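There are 2 protein chains.
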Amino acid sequence: MMIESIHFIYNQYIQEKRMTTVRSFHPPQRTLLGPGPSDVPPRVLEAMSRPTLGHLDPAFVTMMDELKGLLRYAFQTDYSLAMPISGPGSAGMEAAFVNLLEPGEKVIICQNGVFGGRMKENAERCGAVPVMVQDEWGKPADPHKVEAALKANPDAKVVAVVQAETSTGALSDVRTIAGIAHKYECLIIVDSVTALGGSPLKVSEWQLDAVYSGSQKCLSCTPGLSPITFSPRAVEKVKSRKHKVQSWFLDFNLVLGYWDGGAQRSYHHTAPINALYGLHEALVMLQEEVLENAWQRHRKNHLALRAGVEAMGLAFVVEEAYRLPQLNAITIPPGVQDAVVRQRLLNDYSIEIGAGLGAMAGKIWRIGLMGHASNRKNVLLLLGALDAILTDMKAPIYSGVAIEAAMQIYNS
Amino acid sequence: MMIESIHFIYNQYIQEKRMTTVRSFHPPQRTLLGPGPSDVPPRVLEAMSRPTLGHLDPAFVTMMDELKGLLRYAFQTDYSLAMPISGPGSAGMEAAFVNLLEPGEKVIICQNGVFGGRMKENAERCGAVPVMVQDEWGKPADPHKVEAALKANPDAKVVAVVQAETSTGALSDVRTIAGIAHKYECLIIVDSVTALGGSPLKVSEWQLDAVYSGSQKCLSCTPGLSPITFSPRAVEKVKSRKHKVQSWFLDFNLVLGYWDGGAQRSYHHTAPINALYGLHEALVMLQEEVLENAWQRHRKNHLALRAGVEAMGLAFVVEEAYRLPQLNAITIPPGVQDAVVRQRLLNDYSIEIGAGLGAMAGKIWRIGLMGHASNRKNVLLLLGALDAILTDMKAPIYSGVAIEAAMQIYNS
Chain B
1 MMIESIHFIY NQYIQEKRMT TVRSFHPPQR TLLGPGPSDV PPRVLEAMSR
51 PTLGHLDPAF VTMMDELKGL LRYAFQTDYS LAMPISGPGS AGMEAAFVNL
101 LEPGEKVIIC QNGVFGGRMK ENAERCGAVP VMVQDEWGKP ADPHKVEAAL
151 KANPDAKVVA VVQAETSTGA LSDVRTIAGI AHKYECLIIV DSVTALGGSP
201 LKVSEWQLDA VYSGSQKCLS CTPGLSPITF SPRAVEKVKS RKHKVQSWFL
251 DFNLVLGYWD GGAQRSYHHT APINALYGLH EALVMLQEEV LENAWQRHRK
301 NHLALRAGVE AMGLAFVVEE AYRLPQLNAI TIPPGVQDAV VRQRLLNDYS
351 IEIGAGLGAM AGKIWRIGLM GHASNRKNVL LLLGALDAIL TDMKAPIYSG
401 VAIEAAMQIY NS
Chain P
1 MMIESIHFIY NQYIQEKRMT TVRSFHPPQR TLLGPGPSDV PPRVLEAMSR
51 PTLGHLDPAF VTMMDELKGL LRYAFQTDYS LAMPISGPGS AGMEAAFVNL
101 LEPGEKVIIC QNGVFGGRMK ENAERCGAVP VMVQDEWGKP ADPHKVEAAL
151 KANPDAKVVA VVQAETSTGA LSDVRTIAGI AHKYECLIIV DSVTALGGSP
201 LKVSEWQLDA VYSGSQKCLS CTPGLSPITF SPRAVEKVKS RKHKVQSWFL
251 DFNLVLGYWD GGAQRSYHHT APINALYGLH EALVMLQEEV LENAWQRHRK
301 NHLALRAGVE AMGLAFVVEE AYRLPQLNAI TIPPGVQDAV VRQRLLNDYS
351 IEIGAGLGAM AGKIWRIGLM GHASNRKNVL LLLGALDAIL TDMKAPIYSG
401 VAIEAAMQIY NS
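Each protein sequence line maps, in turn, to chains B and P.
For the first sequence, the numbering used here assigns the number 1 to the initial residue and increments by one for each residue that follows.
For the second sequence, the numbering used here assigns the number 1 to the initial residue and increments by one for each residue that follows.
Chain B on its own, in the form it takes in the complex:
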């Protein structure tokens, strides 16, 4: 025992020399009104802190089956393949591309913001050949251009489009684009990271083939999971590939052995148990609210924010007809320093809003009203804070009128 004590003291000494002691981390309480993550409700946070189970535990397997059913509801699909990828939305995007594209295959990619560019990167890294269909940032993907690209490239196998472009707040008509893709015998990949739970999305009715999303946007779960669904036709393509999927981790031929394995479920990788508890709870809450009511809530709060923002004299980047209610891109008024306003919102009000990405950096703010965070309290809080900060900075806005304008929407 004496030797053990000396050993312990020695280790303590070495340890103290080695690094400054790090203490438990206690984050501040923010109001997350950026492009995601959005505020996570206490129910979801509490669910994540329940006891960890093994990934083959029968009790866990029951939860997995429920989770698949809940995802089908959120996606509005009856496809068998509906599951969460054990990684963030970027892993979901990669899963769609590596599973559905073989080397040398042509893919039509719509780009009207940052995420279409990321799709191009993914396609190239699969050895596929991307054909880009460009639209102005802030505009939706143009179905006519997609059809022209398909006519010019009759050997294309896949069309890919972002439904809700998180970098600009533009909504594209993926239903129409899917119809065109199918006319030319292509599969359609849809990025619904920011759409799912916030904007209408009807995967089966619209006949979408591969749709991935993120847990941390309109589902109000913590970041780290990517719900995904594949049509039977997409699954068939994965099963009849000539080349192995280049990612072992994301190979659906293997992943489905676990998620779709029934009683013979086999180990592929260890599922992120507690994160999945959180997603399950977030989807139970969505089911309680009813999906269509969630869409309507996102729309109502957007209208109130819009009224306030426009009353201040600020302008939206995206036209009303294809503007996402959950992601509001606003042009920064002339002479106003982007970073200063965001910093004051964070420091004085503990509110996070998003900066512009890529070509839009410094030019726009991205105000998210996503999931749990899309509520009247947050709309009024943000309008009040923005009004106060911009007025104090002597920015060219109409002061003191935003909240009343928003309240008129709520009272109508």
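Because the hints were derived from the structure by calculation, they are not lab data.
In this text the structure is predicted, and so the values were computed from the model without any measurement.
Hints may be right or wrong, so weigh each one.
[Unchecked claim] The calculated DMTMM-like cross-link candidates involving lysine to aspartate or glutamate, where the alpha carbons are at most 25 Å apart (straight line), are:
hint	chain 1	residue 1	chain 2	residue 2
1	B	LYS244	P	GLU124
2	P	LYS145	P	ASP155
3	B	LYS242	P	GLU121
4	P	LYS242	B	GLU105
5	B	LYS239	P	GLU121
6	B	LYS377	B	GLU404
7	B	LYS106	P	GLU124
8	P	LYS183	P	ASP173
9	B	LYS377	B	GLU289
10	P	LYS244	B	GLU105
[Unchecked claim] Stretches of chain P that chain B covers, calculated by requiring three or more beta carbons in the stretch to come under 8 Å of a beta carbon on chain B:
hint	segment
11	56 to 66
12	77 to 89
13	119 to 132
14	216 to 224
15	235 to 247
16	268 to 282
Beta carbons: idealized from backbone N, C-alpha and C, even for Gly.
Starting from the structure of chain B, add chain P where the hints point.
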């Protein structure tokens, strides 16, 4: 208001037709003594339920920097690159392979269990050329065979080895194998998924180039994250690649812009915020205990388990000299049905132990004593339960002696 109410009731009706209502999931409380996940301490679970922050929030960035420091401590390294991959250990393995291997490059892979085979899959899917060095399952990787393979393949660029083979419980001497790899100017990739925090691992002193692990084994965090560290030489190879890394999600040239970006930190993917809180807390606990004490604790509890298991007359798969204290593979006694015993442990005692994988399915049990779960209470609980079940099944064991044998170790 009237129309809204009707709309709400209609949606409720549609919703009820669509699916059976799913309720919140409340998992049973298990004692996790399998190959991982291991039991997660309440402190870690509670940390995960703290308020979500944005991934570029200054408060979060501070936590990320602390986390990197804590990972360097756990890995015993001063390498700059030490971070968690936003996916499970399988994603960590894939990250090591896709970043360090270019198409056509030769890699020597040691296989003495399931995970060496997974390395082969990863290497092939990168377009690399694996040269397999086979050892019997349950034995460690043989450094002499590695040297012979390097002599026969002077164009090899990388050697890959599993330090702690989770499928068998065998510990390989990665320090010696790293020395040989460097003699032949190869980089060394080490899988330390089950080793980190449970068995000695000194990344800088042993000059390992790429080491990945999992959060859910001896660190006692929830599954879903893969700590990884790269030597400067490995980082140099990633930066000077001829071909782009085939995974956009795992490309360190991009990921480091976020994790190593300092004040100019740029968005790559949304980090799994709350999971990272959990890993931070688990590593704070490891630092409080002191790493060397954690290794010693794992060893002590293994010795007690061994005394009990051997007193029952059961045999270990792996010889004592290279047996992992945190993963105990035990041969199932003749006439005893694997699944029945594991089911009774789960149903009657709420204890999970692991089945055999691959060639060892049905032949062995894998008893994990990992992280928080490596404690005296669990050793005695498991020995008592196993003794009772096997005695009841009239299995050929010595009954009623296991606990006393284990206690002799604790009292010595």
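Out of the numbered hints, which ones does the structure contradict? none
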